[in-house]
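A.B. asks: Same order as they appear, the protein sequences are chains A and B.
Heads up, the first sequence is in my numbering, so the first residue is 1 and it goes up one at a time.
Heads up, the second sequence is in my numbering, so the first residue is 1 and it goes up one at a time.
These are computed hints drawn from the structure, not numbers from a lab.
This structure is a prediction, so every number in the text was calculated from the model and none was measured.
Misleading hints may appear alongside valid ones.
Using C-beta positions, here's what the derived DEER-type ranges look like [unchecked claim]:
hint : chain 1 : residue 1 : chain 2 : residue 2 : range
1    : A       : 47        : B       : 38        : 38 to 48 angstroms
2    : A       : 150       : B       : 218       : 19 to 29 angstroms
3    : B       : 230       : A       : 132       : 52 to 62 angstroms
4    : A       : 202       : B       : 265       : 39 to 49 angstroms
5    : B       : 64        : A       : 133       : 33 to 43 angstroms
6    : A       : 12        : B       : 210       : 54 to 64 angstroms
7    : B       : 218       : A       : 3         : 28 to 38 angstroms
8    : B       : 210       : A       : 47        : 38 to 48 angstroms
9    : B       : 270       : A       : 167       : 27 to 37 angstroms
10   : A       : 132       : B       : 110       : 20 to 30 angstroms
11   : A       : 262       : B       : 110       : 24 to 34 angstroms
12   : B       : 38        : A       : 220       : 58 to 68 angstroms
Even glycine gets a Cβ: it sits at the ideal position worked out from N, Cα and C.
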Amino acid sequence: MRAEYIEVGGTRSFVLEDGDGPPVLCLHTAGQNGVQWRDAQSELAALGYRVVVPDLPGHGRSEPAAGGPVRDLGVYAAWCEELIDRLGMERPYVAGCSIGGAITLQLAVRCGDRLAGAVAMAAHGGTDSPGLSVRGLERELVDASAPSRTDRTYFGTLAVVGSRVPAERAELIARMHRREDPEISTSDLIGWTTHDVRDRLDTVACPTHLVVGADDLWLDPAEVRRTADRIPGARYTLLEGIGHYPMEELEGFAGTLDGWLRELAGQRDAVTR
Amino acid sequence: MTDSITADAPVATASPPGPAPYFEDFEVGQVFSGPARTFSAEVVAAFAELSGDRAALHTEHGRTADGRPLVHGALGLAGFFGWHHEQGLSDHVEAALDTHWDYLAPIHVGDSVTYEMTVVRTRRTSSLRNGVVGRHVVVRNQDGVVVQQGRTSALVTARSAVDDSELRAGRAFGTPAWASALAGRLGNSAAFTRATGTWDGAIGLRFGDDVVQFRVYRGRVLESGRRTPHGPTFVVGASDLTWARLLTGPANDFTVRTMRDEFHTDGDAYEYLRLTAALVALIDEARALVDEARALAGTEHEDGDR
Chain A
1 MRAEYIEVGG TRSFVLEDGD GPPVLCLHTA GQNGVQWRDA QSELAALGYR VVVPDLPGHG
61 RSEPAAGGPV RDLGVYAAWC EELIDRLGME RPYVAGCSIG GAITLQLAVR CGDRLAGAVA
121 MAAHGGTDSP GLSVRGLERE LVDASAPSRT DRTYFGTLAV VGSRVPAERA ELIARMHRRE
181 DPEISTSDLI GWTTHDVRDR LDTVACPTHL VVGADDLWLD PAEVRRTADR IPGARYTLLE
241 GIGHYPMEEL EGFAGTLDGW LRELAGQRDA VTR
Chain B
1 MTDSITADAP VATASPPGPA PYFEDFEVGQ VFSGPARTFS AEVVAAFAEL SGDRAALHTE
61 HGRTADGRPL VHGALGLAGF FGWHHEQGLS DHVEAALDTH WDYLAPIHVG DSVTYEMTVV
121 RTRRTSSLRN GVVGRHVVVR NQDGVVVQQG RTSALVTARS AVDDSELRAG RAFGTPAWAS
181 ALAGRLGNSA AFTRATGTWD GAIGLRFGDD VVQFRVYRGR VLESGRRTPH GPTFVVGASD
241 LTWARLLTGP ANDFTVRTMR DEFHTDGDAY EYLRLTAALV ALIDEARALV DEARALAGTE
301 HEDGDR
C-alpha cells in the first residue's frame, strides 16, 4: 500500500493506493473517509487493479476544503477530476457510495468520456422528495441545537445496515461511523439534498451501473431505477438484505465489484467496436 | 404510513390461539391471516340490494379505464367480520365496540382480498368477566396493494372472571400497570440510567390516545403514571399497531420506525433528541418485559431469535 499527501484543489489531501492494473477510484460516504474501503481495497488490488482511495477534503486525514465545508457535490466532482489528472489515472473506473455514488454520477455527467465505467451505489441522479431539508440541516449545523449527535449517527447507521449483515459487523460499521466531523457530514448532506443531474443523465458517455440495497431506508429503489433508465445502457442492481453501505456490508464485496467492472468493460468494448 | 405498512412484512410474533378463543387467548402481537375472498358481481349486486346503495358506480360502471364497477367500501369492511367468523374467532364475541376504517384504494368487482389482523390491545373490563380486544386490520388485493385498513375493537367473553392484570401487565402497553412494571426495570438498566444520568424531566409515551409518563431525575424514575405535576418534557407517540410490532417483534427497530415517520413527537424536540440512547434503552426494557410476561404466563413461544 502506498500512502501520500498531495495537493488537490488547494487542499492537502490524503490518498491511499494499492495494486497495479486498471485504475479504480473509490469514494466514501457523507462525513466518513476512505477507511470504509479498507477491506475492499486490498482484495480488489489482489484481483489486478490499481485501487485509489482518497479522503475527500475535510474528511479523514485530508485538510479542510479551501472554501470551507463543501455543500455542493459538484465541487467534490471537480476535485476528483483533478485528482485523476494528478495521479495520472488513465481511463479509471469510479465506484462510490451515497454522496460518493452521487459524486460518481456527477463525474459520469461531467467527464464520462474519460472514464472506463461508473458504479454508483446508494445514490440517484436527483429527486423531488429528498427526505432531508436544507433548512433542517442548517439548524443541525448549529452545534448547540444538535444534541446526542454521535448517538444519532450510531443508531441511524444501525437502522440502515441491511438485515443480511451479521450483528457484529453492523456494530463495527456503526461505531466507526461515529468518527465523523458533524460540520462536514451535515454540509455533505446539504450537497446530497441539492444534488440533481437528472437533466444531463442522457448525456452520460461511460458504461454505468446503479446499485441499491433493498434495506436502504435513505433511498427509494424506484428512484434509483428511474436514474438508471435515463442513462443510456445503464445497469441496475437491487441487493437483497443489504442497506446503505454495500462495500462495508457485503462479504466478499471486492469480488462482486470486480464482476461489475468486467461487465462495464465488456459494455465499453461492445460500444467502441 | 401506508407505505410503511406495505413494506412491513407480517411477522407472527405469538402463536395464534385455536378455534373459539376467549379473551385470555388473545395477546398483543398475534397476527391472523387466512384465505382470499373474491367479490363477485353477484355478491356486489346482493350488497347493493341489502344496503340500498344501488349507485351506478357499484352496479354499472366504475370511473377507471376498464370501467369495472367498484365494490362498496363497506362490503370490504363487512367482509372482515365474515372472515373473522369463518376463522372461528367470533364464537365468544359479545359485541363490536368501534370501527375506524380507511378506504385507501379501490376494490373492483372480481378482485380478491386478504385480511390480516394484528391484536394491538387487550384490556379486561372492571367486571372481570370479559375484555376488550383491539385489532388492526390490513386489507390487500390480489396484487398486494393495501386497499383498506383500520382498527376495530370487540368485547370478548373471558374464560374465567379473575383479576390477572399483574400477570398481563407486560403486554398491557400504555397502561399505568405497564408503566409501573417498566419503571422498575428502567431503574436497573445501566444503559438507561447512564443516558439519563444528567437529566431532569418527564418522558411521555403515547399509545393511540393514551399517554403514560415517566418522571426521571438523574437516572432514577421517581414516578410513572398518567400524570406528573409538571407534565411531560416531550411525548413520543405512535399507533397501537406500531407499538405492538416494535415491542413484540423480532428486533428493537425503533430508529427504523422513526425514519419511516411512524412516530410523532410533541413538546421539547431538543430534549427528545438528547434522549435518543435513553429511548432505545427504554424500548429494550419494554421488550424484555414482554419476554418476562411470556415466561410468567407460562406460554410457549417459538421465536428464538431474541
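A.B. asks: State for each hint whether it applies.
C.D. replies: Cross-check of the supplied hints:
no.: 1; hint: A:47 - B:38: 38 to 48 angstroms; in the structure: violated, 54 angstroms
no.: 2; hint: A:150 - B:218: 19 to 29 angstroms; in the structure: holds, 22 angstroms
no.: 3; hint: B:230 - A:132: 52 to 62 angstroms; in the structure: violated, 33 angstroms
no.: 4; hint: A:202 - B:265: 39 to 49 angstroms; in the structure: holds, 42 angstroms
no.: 5; hint: B:64 - A:133: 33 to 43 angstroms; in the structure: holds, 36 angstroms
no.: 6; hint: A:12 - B:210: 54 to 64 angstroms; in the structure: holds, 58 angstroms
no.: 7; hint: B:218 - A:3: 28 to 38 angstroms; in the structure: violated, 47 angstroms
no.: 8; hint: B:210 - A:47: 38 to 48 angstroms; in the structure: violated, 58 angstroms
no.: 9; hint: B:270 - A:167: 27 to 37 angstroms; in the structure: holds, 31 angstroms
no.: 10; hint: A:132 - B:110: 20 to 30 angstroms; in the structure: violated, 43 angstroms
no.: 11; hint: A:262 - B:110: 24 to 34 angstroms; in the structure: violated, 48 angstroms
no.: 12; hint: B:38 - A:220: 58 to 68 angstroms; in the structure: violated, 32 angstroms
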